[in-house]
Every structure is written in structure tokens, then in C-alpha cells.
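Q: Take the two lone chains, each set in its own frame, and fit them into one complex as the hints suggest.
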Amino acid sequence: MLFNSYAFIFGFLPLTLAGFWVLGHRRRDWALLWLTAASLVFYAWWRPINVLLIAPSILINYALSLALRRTGEDSPALARALLIGGIVFNLCFLGYFKYLTFLQGTANDLFDAGFTLTHLILPLGISFITFQKIAFLVDVHAGRVKEFTFRNYALFVLFFPQLVAGPIVHYREMMPQFAVAPCRFSAENAAIGVSLFFMGLFKKLVLADPLSRLVAPLYAQAAAGTPLTLTDAWIAALGFTLQIYFDFSGYSDMALGLARFFGIKLPVNFNSPLKSSSIIDFWLRWHVSLTRFLTAYLYNPLTLNLTRRRVAQGKPLFGGRNTTLSAFVWLLAMPTLLTMLISGIWHGAGYAYILWGLLHGLLLVVNHGWRVLRPRIFLDAKSYNRAMKPVGFVLTFLSVVFAMAMFRAPTAGSAVTIWQGMIGMFGATLPEAILNRIGPAGPWLTALGFTPAWTSGSFLMEATLRIAALLAIALCLPNTLEMLARFEPAIGVKPAKQPERLVRLLTWEPTSAWALTLAVVTLAGVLSLGELSEFLYWQF
Amino acid sequence: MQPYARFLCVWFAALLVLAFCVAALNFAIDPYDVFGSPRVAGINAQKPRARDHSMLTKAYQIERFRPATVLLGSSRVHIGVDASGPEWPAAMQPVYNYAIPGSYNTTLMLATLQQAAATGRLAHAVIFLDFQNFFVPEAPPGPPNEDDRRLLLDPSGNANALRGYQRLDDGFLALMTMGALSDSVATILSQHAALTLDIQPDGASTDADFVNIARGDGTSSLFAQKRVFEANRTPVLARGLAAWTGPLPNLGRVADVIAFCRRRGIALTLAIAPTHAEALEFYWRAGLWPRIEQFKTELAELVARDGAEGVKLWDFSDYSSFTTEPVPPVSDRKTQTTWFWEPSHFKKPLGHIMIRRMTGQAAPEFGALLTPETVAERNRQIRAQRQAYICLDTANPCKS
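Residue numbers (our numbering), protein chains in the order written: chain A, 1 to 540; chain B, 1001 to 1400.
Mixed in with the good hints, there may be bad ones.
To give an idea of the interface, some chain B residues facing chain A are shown, with a C-beta separation under 10 Å as derived from the structure [stated by the list, open to error]:
| no. | residue |
| --- | --- |
| 1 | 1004 |
| 2 | 1006 |
| 3 | 1173 |
| 4 | 1179 |
| 5 | 1180 |
| 6 | 1369 |
Simulated coverage check for chain B against chain A, where a stretch passes if three residues somewhere in it have a Cβ under 8 Å from a Cβ of chain A [as the list claims (entries may be wrong)]:
| no. | region |
| --- | --- |
| 7 | 1211-1219 |
| 8 | 1224-1230 |
| 9 | 1289-1301 |
Just so you know, the hints here were simulated from the structure itself, not pulled from any lab data. Cβ atoms here follow ideal geometry from the backbone N, Cα and C, with glycine treated the same way.
So here's chain B without its partners, still in its complex pose (with noise of 0.2 Å):
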């Protein structure tokens, strides 16, 4: 055979042979958990690169968990909340947390409800608010997306006819794309070390990337990092919201969850997520506290006029003891907070306090349920907390 002609054959010989191996090694290893592949240990039992792509990897995992319970909410409850805990009542069992990080919003909230229900056995639903998310807007939803398009209900909660198409397109990423075979390879690598972030069977995380930070640059460099983000975040929410009249954007999506919820059975329990007395600060600075306020209030109205007996709010966004609980100075990278590992962030304790307060369970007394009787004295409550608070602050003591 001619060099040039035995060059090709070589070439592409190899090119069949190398591209089975990628494959072969994405499936058995799966680091998005899309086909469910074993977990075997020391191999690819965590996976830390399923965080980057939670809209695929939950689609295809609440398929195969099939919960009686799901958990929705951001990042903060993806990290903070556990599906797996004892606290959880036998009858809400098994629990998946369906949470998404980065981009949440109350369009996502009902896709992913809705894909939770089509699942078969869904009972009940634990929704927990960011009331940042009630302060912008949200576009109209858009033509689908990928990650509209693998759900098993379309948005208006027909069967989805494109998810066929979606399926094969995602087989294809999760098999035969450079970033699902270096995403394998982190899987491996990863597999050794302290602690690796996961995305686990039933949706919940490991608190890895948070646990790495505190432990090397200390807690208050999270806190720190935090402060620059609301210190910049708050003042455009305050300005977008200036000229604002009426009902806060998006509580229509909370109208449509409760609609879907009662329709399908559904026993729903809204909560807004705690958020660390820090980061309230910037919003009261910001001059938003009356929005949160008003927030609060709508909801609480809405949830009455909607949801009747089926659904409960409650308030975890205040001024208590674990909101408030103090922050190392940054020359201190010893010390561990508790209950949060930023100000945005609570850690998996706090989610478990929250968990048996919201299924009747002793628990120490943090938040409240909220109703259109309750929601004013709430109000006053917290703005006597935070007057307490602040009067905590010795160098400035006392300031409004």
C-alpha cells in the first residue's frame, strides 16, 4: 500500500477506534448522571462537574427517583437543604431536591414543578422563595430552550413533543462531546480527594466548594466576597423598582404553582429562604425593605385567596438568632459560622431547623407561618429584631 493511502486508513481507522473508547468511557462513567450509570466508588461514585449542567442532569435523575416530595428553589436550597435527612416525615419520603443554581427564576420553578408531577407519584411540593427574584421583571417565556425541550411536560402541560429529539441531542453531549470526556476524566481524578462536590442520586449536594473556601481563605472571605455582590446588586434592584406601582413582578408564576398544585393534588408549602442579617442590611440601605415588606404581604394574600387549606407560607427571612449570628472579622480565618457559609447561603443545619418547623416537628422556634392576619405583626417583629440588631453594632451603636 502507497505511505499516503495507509496514512488514511491508519488515521481513520484509529478515528473509529478512539471515538468507541470516548464513548464507552462517557457512559460508564456519566459525569452528569444522565444515563445512570452505577456509582461505583473510587471511580465515579461523586460527581463534581454535574453542577455546571443541573438543568440535565435533574431532568433525567427525578425521572428515574420518582419522589413523593420535591424541593424547589435556587442554589441556596440545592446546597443547604437535605433530601435524605431524618427529619423528613415517612409519609413525604422519598425526597428529591430539585433546586437548581445559577440562574433561578419563577418561570423555572414551574417547569421543574411540572416535570416533578409528571413523574407519577408526586405528593408534595416544598417551595422555598428568594423575594430578590419578585424585584425584576421576568421576560415572557421565550421560544424552548434545551432545557425546556427534555422536559416530559410542555410549558402549557400537554406531553412534551420535542423531548424525543432533546433525548438523542443529549445522549450525544453526554457522549461524544470534548467537554463530557474531560468532564469524565475530573470525575475520576476527583474521586480521591477530601471532599468533592456532588450532585446525588436524589438531587441534593455536598457543600465541597463552600467547605474548601472556608477551610482555606476562611468564612469571612465568603462573607466578604458576598458583600462586594449585594453592595452592587442592591442599588439596581432599588432603582429598578423605583417607579414600580402595584402587585411586585412574577407573583403571577406563584398564582400559576398553587393553580397546578391544587389541579394535580398537590400539597404545597411555600417558605421564603433565610438570608443573614448582613446582606438584609444592603436591602435596607437600598431603601427596599418596604418592598420585602410588601412582598411578604401580597404573598401571604395570594396564598389566601388561592390556595385555601392546600398550601402553607412561611417566613424565614428575618432578624433571629441564626440570621443574625456573628461574622468572623476577615484577619480571622479560623473561625466556622454555624448556620450560614455567606450571607446568602445557609447550611444544611438550618435546612433541617426549617424542615421540622415545616412538618409540625420539634424544632428550636425559627420563622413564622405567614397569613393575611399574621403578616403585618410579622413585619413589626422583625423591624423590632433589626433594631435590635443593630444596636448590637458597638462601634455604631443604635444607628437607623
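Next up, chain A with everything else stripped away, as it sits in the complex (with noise of 0.2 Å):
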């Protein structure tokens, strides 16, 4: 079912959370049972047979989690053994569903292999449930998470708000949270859980999805080997990743604002990613919940195991002024180009992917590369930082959006294509209607090589204003989470000790003008499930 239907609106939410807050009155494991169920029949809708796939492999986890705890302190060969088990079983589970296709195109083209391709439909989000599956069992086994029981378990992986598109949680964060759940109606937790569901609507449907139908018949363009003019393949890459921007964010507000219906707080997954000024803060503000997964489950070990071997062989570690190249290659870069491959290939099955991941893997290690260089060039950071925060924004901005080319194109070649337009490699034209109406700007930009076009004109119209209007929304206003900071809307979000301006006019409150202008935005969303429409993250 999806968020943005008027099923789940008008149906399933009113139902579910009618029943919650009823049963809660009388008994809290009721009202939590309840919502299981929900979740089960949320996730089934779509197509039932997606229950009898990931059900067994619930109960299978649970056995393992069970089993991981019994053995855990007694035998750590054997506990160690059941966690590698369990990560390659959720893997082979993944693997199969998502993968299989995919490596059987690569044996066919690479060893001409034969396969006869299967086309498997994927459980609707299995990569973010095997994720969190894996990282339940590393805690299970690292001793992190001790109480368990197989009610708890289930709600933790099936509660809806959550299951299809993350924000991917922790046990540890979530099942607190759910022991002291009051599960009664809360005025204040529904009116931030209104206010955080419907602008995020807002976001998803008024916003992200228009500029879907300008951008995809470029990348189809693409995909068939047309080449793309310089305004057409900026369109692609900027509008997609506005598009891409404001559709997952908005589902993850929509989810944070689900999940307070019930008196729970989801972890951050979005703080406006596109006003960073370098990659690395890049990825502190995009999917925040991904970048924690893989830091703390794949990088973290990883450099760990690494630094140990270094420390046992006596080479010198990485830190501070003395950092060797091998260490930092071997410390900083391999982790980070393994983990964003990983991430790539976790994105979905296609050499794009991979593609994407390695690109954004080697802006990490350039962006950290320089953080090690820079204070033997620049010594004084202060105006160092002042001078190049707006350089580090520019290049930070046009890095995320060439990347996002690769991200959306069907083929790694489409991509190419995409940037070769990005550079002007297949020439630059505006359409002759245009040219004749901005006065002496026509003759300028013909002058800089600009050619007409016998193209009608309203096509880039409408795409400049809304990628202008998108862009102004995205870097200077506040996001969701600054304006509700006051409430925490996510787990761990405050208020800004001295808030910009803006933040401080945009701060919501329970006023009766907030009502107001969340009526309008809700309208507005509501008014726009007509032209019903997936979220870009349920793919994958």
C-alpha cells in the first residue's frame, strides 16, 4: 500500500489508528498486536504472496537471534559461526530476489553463459528489511540487544511506518520506545504526526512527482542513444535530483510523521543534503540512515580489522599530521570505496549502481584526502573555512547532481551520454521562440554558440521554473525537521542553540495559523493522490 493512495489515507490510517487507541485503553500488548496485524495487512496489499516470502524468514532470523543468545557467552566460535550464517543467509535471501537477474545478464554477456534470464518480482523493501535484520543479529551477538521476544521482534520488523523504505532502525531504538508507548490517543503526538505526514505528502506529490514527467523522457532519450543538448541534460540531471530529493525526503517525513501517530520517533534520514559544503557533509545529511547502517556495520569493522592488522604488523596508522599515503589508502580509501560499492550494489542490481557508488566512494577519499592536505597548505582554518565554504558548496553541488545522471539512467551508457550534454559535447540550443523574446540576451547567447531550435519552447519553460523554484525551496528555506525541531520529530533533533532567521519565522507551533496553513498544504496533497504515483525508494 502506498503512503500516498487514498486507500492508506482514508482507510487503512483512520482504521488502524482507531483500533490502536481503542484497544490501548484497555490493554497496551492488545493495541501492539494490533498494529502488527496492521502491518502485516499494510504489507500485503500490494500482493499477498510478499507475507509467505518474508514471513519465513522472520521466523528464521528470530531462531537464529534465539539461538545467538543462548550460545553467546557459553561458545563464541559457534556464535560467531550462527551470525556468519545468518548474514550469509539474509544475503542469499537478498541476493536471489534482487541480484539473480542481474548476475545472470553479467555471465551471459562476460562468458556468453546462455541463462535464460529470470525476472523475479522483489518483496516489496527487502533490501531495508535484510538490513535490518543483519544489524539486529550483529547486536543480538555483540551483547547490545539481550530482551527479546518474538511479539517484539515482529512489530520491530514489520511496523509499517518504516517497513518498505526505511528509515532503517535499530532494535535497540525502537523497542524502548514501544515499552512505554502510551498507545492512547496523544493530542500533541497527532497533531506533530498530522503536521510532519502531510507536509511530507506536500513534498512527495506537489513537488517531487511534476518534475518526474519532465525528466523521464530525457533519460529515455538517452537510453536510445539520442543524444542530449546542453539545456536538455542539465534539465535531466538537476531536475532529477530535485526529484529524487524531495520524493525520499518527503517519505521520510510522511514516515516520521506515521510513526508519531503512535507515540514512536524515527531516526533522521534527511537534513538538507543540498546545501552541504563538502561530500562528506553530503552524506551526514542524505539517507542518514544508511550512511549509520554502513558506518556501523560494515566501515567501522572493517577499518577496525584493518588498523589491528597494521598495528600487529608495526605500520603507521592514520591520524593527525604524520599520515602516510599507505595508511591513508589502506585506513580511509579501501573502506570507503568497499562501502560505497557495497551501497551501490545495495541500490540496485545494474552496473550504474555500482557505478554510482564507486563515484561517490572516490569524491570521499578525494574530500578526505584533502582534509589531510589542507592544513599543511592553508594553516589558517578559520578564513580558510569563511573563503572556501561557498566553493566547497558549488563543487559539492555539482559533483551530487553529475552523480545523480548515473543514478538515474537506465544504463551506465545513458549516463555518459547524459554528461556529455552536461559538457556540451552535443552542442548547445534554445528554441528559436525563446531566443526571439529575452531581447539583447538572444544575441549574446547565440554569440556563446547557442543554436535555435524549431522546438516549442514551453518545454524548458515550465522545466526552468520549477528546477528555480525547487532549487530556492531546497537551499534556503528550513527543512521539516528545523521547523518542528522544538518537538523532536526525529530521534535526537533539537532546536539550533541560535536559529537563522528563517528558521526562527517558519518554527512551528500549535497556533491556529500553523492549522491553517498545514489545511492548505494538506489540500493541496490530498488534492494531488489523483495522479497516483510510486516513491522512487520503494524499488529498492
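A: Here it is, written out as C-alpha cells:
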């Protein structure tokens, strides 16, 4: 079931909330059972067979967790074997559904293997659910999670606000909240939940979706091998960057709002990533729960392991002014590239995703390398930061936009076509109707190399206006979390000590003015439900 | 009351009031002419946004209009043929223009004809055919989509059981969507423009789009855009037909249309729509001219075989003085053409002439009736016309 559907907003959600609050008045565990059952219905809605696929996986993971808890202290070797077995099982489960066709195709391409491609229907949210199950096993193995029951485990995995596209949550941050959640109607939680949910719906349907209509034909054109002119290529790359940001951050806001109805706070997923002044900063603001997972369960263990090895070998370590090149390569560059490669593979089965991951890995390595070198070149950090922050912003923004073309393009080749278009390799054109109407700028642009095209100017006009408006919103306005920071909309979000003027101006309060504003935002979102569309991250 | 509870109450009440206001506004403005709300000058008399929803708009309009004659075709007919012109004989009035701009095809031709017939008093159908629609095989009709579901009859000609639900859905779409709201606002704002796009109650369209571009950028700009379009389209069509043997695709749909009209006692006039010689030259250069002649020959034979006396076939696709009118050069943004907006879309005066020709009234010589006996001679004449046309090209006289 989609969050942005009539069935969800006018059927499932009110029924689930009513049942939860009514049962919560009698017994809390009934309310939580109701929530688990409702989550199953939510998951089964699109394709009931999904439940049959995911249920055995949940049971097996739970059994493994019990076994891990029991053997953990008595037999570390067995516990380690159980953990590795559990991780392999989950990765195979994910791999079978998500990567089998890709692997068969790759084998056919490379070795002419002659596999008949198996087209499997991906169980909804399998990538997110798999990561959460792996995280749970690791936490049980490490002793970070000790107390759990099947009911709690099922609720943790199935809790519908975060079930299919995150944020990726940890058991230890969720279950303590469920343990104390009132399970009764709370006007405060409902007011914050309604605000977050409908602001997210607005971002998704009113801001993101119209861009999809504009950029999709351009990517199809590139996939068909037709070159894109300068303006079209930039519309494709910028348009998709803004589309996916408002789509996924909108979804995350909706998830935060839905969880809040039940008295639960989810972790942060987006924090104005397009305002980042470095690529490291970007990954601390974009899909934060994924970055957190990959850092905690892949990057950190890998770096720790490599560090121990280098210590054992007596080799220098990474950090400080005396960092050596080999320490940088082995303790930072390699783990970063590997982590981002896994991130790319996690996002989708295709060369373009792999290249996107590696590209971001490379950007992160360059960024880290510069952080090592910078103090040796620029001694005054303060003046450097003041001068270079805008440069960092521009470089980061351009890097993200270029990389997004690879993320969206159906093939790596078509992404390269878009890149070539972006640097003007296929020429620059403007509709003749526009060149005629922009006064002295027309001849100036013609002198710069823009040639007239006999196409309608309405596409370029609409795309330019939409992109400009969304850029202004993404770069100048506070995000939803900043607006609601006083009410901790996500785990750990607190108001800034000295908020900017615009943030102060747009801070959410339970006032009539905000209620009226939200009614307009809600109505705009609800009126846009007719043009049903899926969230981009549901395919991952 | 606690601030959070008050917040929720104000939000919910405001939401209900706003939703009611939006529905009322959309009903009154009726941007797609679904409800038949009164057209009030200065407020909603013109419906500029109906053009993008023509299948929706026209399905409802024609039920209210109940025409004696229906005009069918693509955007060329939608823009170029006036349903309310004085040239229509009294016996054929009222006339409804049920041409569909956009992705018109032969499946749609039969569906719109059935819809027109189901309104009750249809006696005449005038259908303009584009030869391009017979160069690419159309996919067999799939499961009914929303455009099929709202029609009075299903594809087999029986009462449409899905229509009730679709009407509810259409009503909701026209009342409670962001698209309808923004289109209502755009409708109000556009009323005072000098020239506004509109689908009138008889289905005909104003020329606003073309007039505005022709005034701003010149007719030459419109022709130039279409040149690019045809330069891309014709090689694709030629490649698709290269290995095609036997009768051209989709002619069976014309046979279905003829059979339907015979069953219903509807007098049918088929017309091959005119195209400016500039565009015809692209078909010539792509090697498609024999296919155009094949289309006319097979169509004439089909009409003679299935249609008997009740069906007439006219051919306006030639190199006459109308279709070869000079096109202003790119540098000339002032000179306007008389008969064509651009190579595909003819102007209403040419539509008037064609209606007069087809209804037996006095009119300049244009087009010809096609029968199996005359089609070969007609094809030969058009080749001769073309030879004369290319000889006018002073830069490259009488190139072949």
C-alpha cells in the first residue's frame, strides 16, 4: 500500500489508529498486537504473496537470534558461526530476489553463459528489511540487544511506517519506545504526526512528482542513444536530483509523522543535503539512516580490523599531520570505496548503481585526502573555511548532480551520454521562440554558441521555472525537521541554539495560523492524490 | 481546550471548508466541460484547459449535444473544420466536431463513432483519414482504459457496464484534484486574453495556439518545426513499411466503420485529409509515395466493396493550389498563409471549402471523389501536379 493513496489515507490509517487507541485503553499489548497485524495487512496489500516470502525469513532470523543469545557467552566460536550463517542467509535471500537476473545477465555478457534470465518480482522493501535483520543479529551477537520476544521482534521488523523504505532503524532505539508508548490518543503526537505526514505528502506529490514527467522522457531519449543538448542534459540531471530529494525526504517525513501517531520517534533520514559544503557533509545529511548502518556495520568493523593488522605489523596508522600515504590508502580509501561500492550494489542491480557508488566513494576519498592535506597548505583554518565554504558548496552540488545522472540513467552508457550533453559535447540549442523573446540576451547567447531549435519553448520554460523554484526551497528554506525541532520530530533532533532568522520565522507551533497553513498544504497534497505515483525508493 | 487539540480542530475544520470551496469552484468553472455548467462571459465562457482532456470533454459534450452529423479525425480536423459553419446543409445540422487531438488512431475512430451514434439521432458521419495512420500497425485493443469505460457503448457495441463507475471517477477528477483546481484558475485568468484556446460546446476549437505563435514568431516558425518533425518521422515510417507486403495496416478498422454505419443507417463520408506539399515532399523523398498511392487504391476498393452507395470517399491529399501555397522564408515573421498553419494543420477556410465540396455545394475545385475506376487516374494527376510543383523551385528547377 502506498502512503500517497486514497486507500491508505482515508481507509487504512484511520482504521489502524482507531483500533490502536481503542485497544490501548484496555491493554497495551493488544494495541501493539493490532499494530503488528495492521502492518502485515499493509505489507500484503500490494501482493499478498509478499507475506509468504517474508514470514519464513522473519522466523529463521528470530530462531537464529535466540540461538545467538543462548550460545553467545558459552561458545563464542559457535556464536560467530551462527552470526556468519545468519548474515549469509539474509544476503542470499536478498541476492536471490534482487541480483539473480543481474548476475545471469552479467554471466551471459562476459562468458556467453546462455542463462535464461529469471525475472523475479522483488518483495517490497526487501533491501531495507534485510539490513535491519542483519543489524539485529549483529547487535544480539555483540550483546547490545539482550531482551527480546517474538512479538517485539515481529513489531520491530514489520512496523509499517518504516517497513518498505526506511528509515533503517535499530532494535535498541525502537523497542524501548514501544515499551513506554502510551498507546492512547495524544493530541500532541497527533498534531505533530499530521503536520509531518502532510508536509511530506506535499513534498512528494506537489513538488517532486511534476518533475518526473519532465525528466523521464530525457532519460528515455539518452537510453535510446539520442544525444542530449546542453539544456536538456542539465534539466535531466538537476531535475532528477531535486525529484529524488523531495520524493525521498518527503517519504521520510511521512514515515516520521506516521510513527509519531503511535508515539514513536524514528531516526533522521534527511537534513537538507543539498546545502552541504562537502561530500562528507552530504553523506551526513542524505539518507542518514543508511550511512549510519553502513558506517556501523561495515566501514567501522573493516577499518578496525585493518587498523589492528597494521598495529600488529608495526605500520603507521591514519590520523594527524603525520599520516602516510599507505595508511591513508589502506585505512581510509579502501574501506570507503568498498563501503560505497556496497551502497551502490544495495541500491540496485545494475552497472550504473555500482558506478554511482564507486563515484561517490572516490569523491569521499578525495574529500578526506584534502582534509589531510589542507592544514599543511592553508594554515589559517578560520579564514580558509570562510573563503572556501561557498566553493565547497558549489563543488559538492555539482558532484552530486553529475552522480545523480548515473543513478537515474537506465544504463551506464546513457549516463555518459547525459554527462557529455552537460559539458556541451552535443551542442547547445534554445527554442527559437525563446531566443526571439529574451531581448539582448538572444544575440549574446547566439554568440556564445547557442543555436535556434525549432521546438516548442514551453518545455524549457516549465522545466526552468520548476527547477528554479525547487532549488530555492531546497537551498534557502529550513527543512521539516528544523521547523519542528522544538518537538523532537526525529530521534535526537533538537532546536539550534541560535537558529537563523528564517528558521525562527517558520518554526512550527500548535497555533491557528499554522493549522490553517497546514490545511492548505494538506488539501494540496490530497488533491494531488489522483495522479498516483510510486516512491522512487520503493524499488530498492 | 489544549493548544494541540485546538490545532487539530482548526486544521480539520479548515480542511473541510477548503475542500468544499474547491469542489464548488471546480463545478462552477467546469474547466473540462464535464458537468455542462453554464458558460458565463468573462468567467468560464472559454475552456482553454479542455484541450488536454479532449477525450473526457468530448465524451460528455456529445451526450448533451446529440448531433445529427459527427466529424471525426485528428487534431487537423479538431482545429481546421468548423462544426457551426454556414456551409453545413440544414439536414445535416446540428454538427459535432468529435475529432481528437493528440494520439489519434483508427481504434479511436470506431470508438468515437459508436459514442456519437449512441447519443440517439446521428444520421451522418464525416471522417477525415490521415494516411500516416495506415503506415504503422496498431496494437490490438487492450483492456478498456478510462477513455473506453466512460463511453456509452463498449467496443462490441453493447451498453457499457463500466460506465457508471467511470462517471463517478470523472466527476471526482473534475472536482477534487489539483489539476482541476489549477485548470479552473487558469480558465478564469485566460478569459480576458485577446484570443483563448477553447473547446466549444459543439466540439470545435479556436485557433488560439496557432494564431499566437504565428503572430509572435511567424508562420515560418511553425513550418520549420514541422519540417524537423517530418524529417525524423518519415524515415522511421519507411523503415517500418520496408518489408510490409499485402494490404496496408489498419484498413480493417475502416471496414469496421463502414459496417457499423451500414447497420445503423448512417450516411458516411470518408475524406483523406489535405497535407501541405512541403510535408508531402518528405514522404516522396523517403520513398513512401507508392505507399500513399497504395493506400488510396486499397481504400477506394474497400469502400466500393463494403460501402455500396451509402459511402463516399474524397481525396484532398494532392499538390493543388491550396496545398502548394508558398511558405514565407524563416526571416519573414509577418507574412501569413491563407490555407495552412503548418504542413499538417489546415485552416478553417480550407475546411469550409472541403465541406462545401463534399456536400455538393458550389466551391473552388479542390480534391476529388475516389472510386476504383478513378483512383489510378487521380494518382497519375497528382504525380503530374507534383512535377509542376517542384519545377517552381527556382533554386533547383525540375529536380526529380
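Q: Next step is simple, just say for each hint if it's right about the structure.
A: Going down the list of hints, with the structure as the test:
no., hint, in the structure
1, 1004, "4 Å, holds"
2, 1006, "7 Å, holds"
3, 1173, "6 Å, holds"
4, 1179, "7 Å, holds"
5, 1180, "8 Å, holds"
6, 1369, "37 Å, violated"
7, 1211-1219, "holds (count 3)"
8, 1224-1230, "holds (count 4)"
9, 1289-1301, "violated (count 0)"
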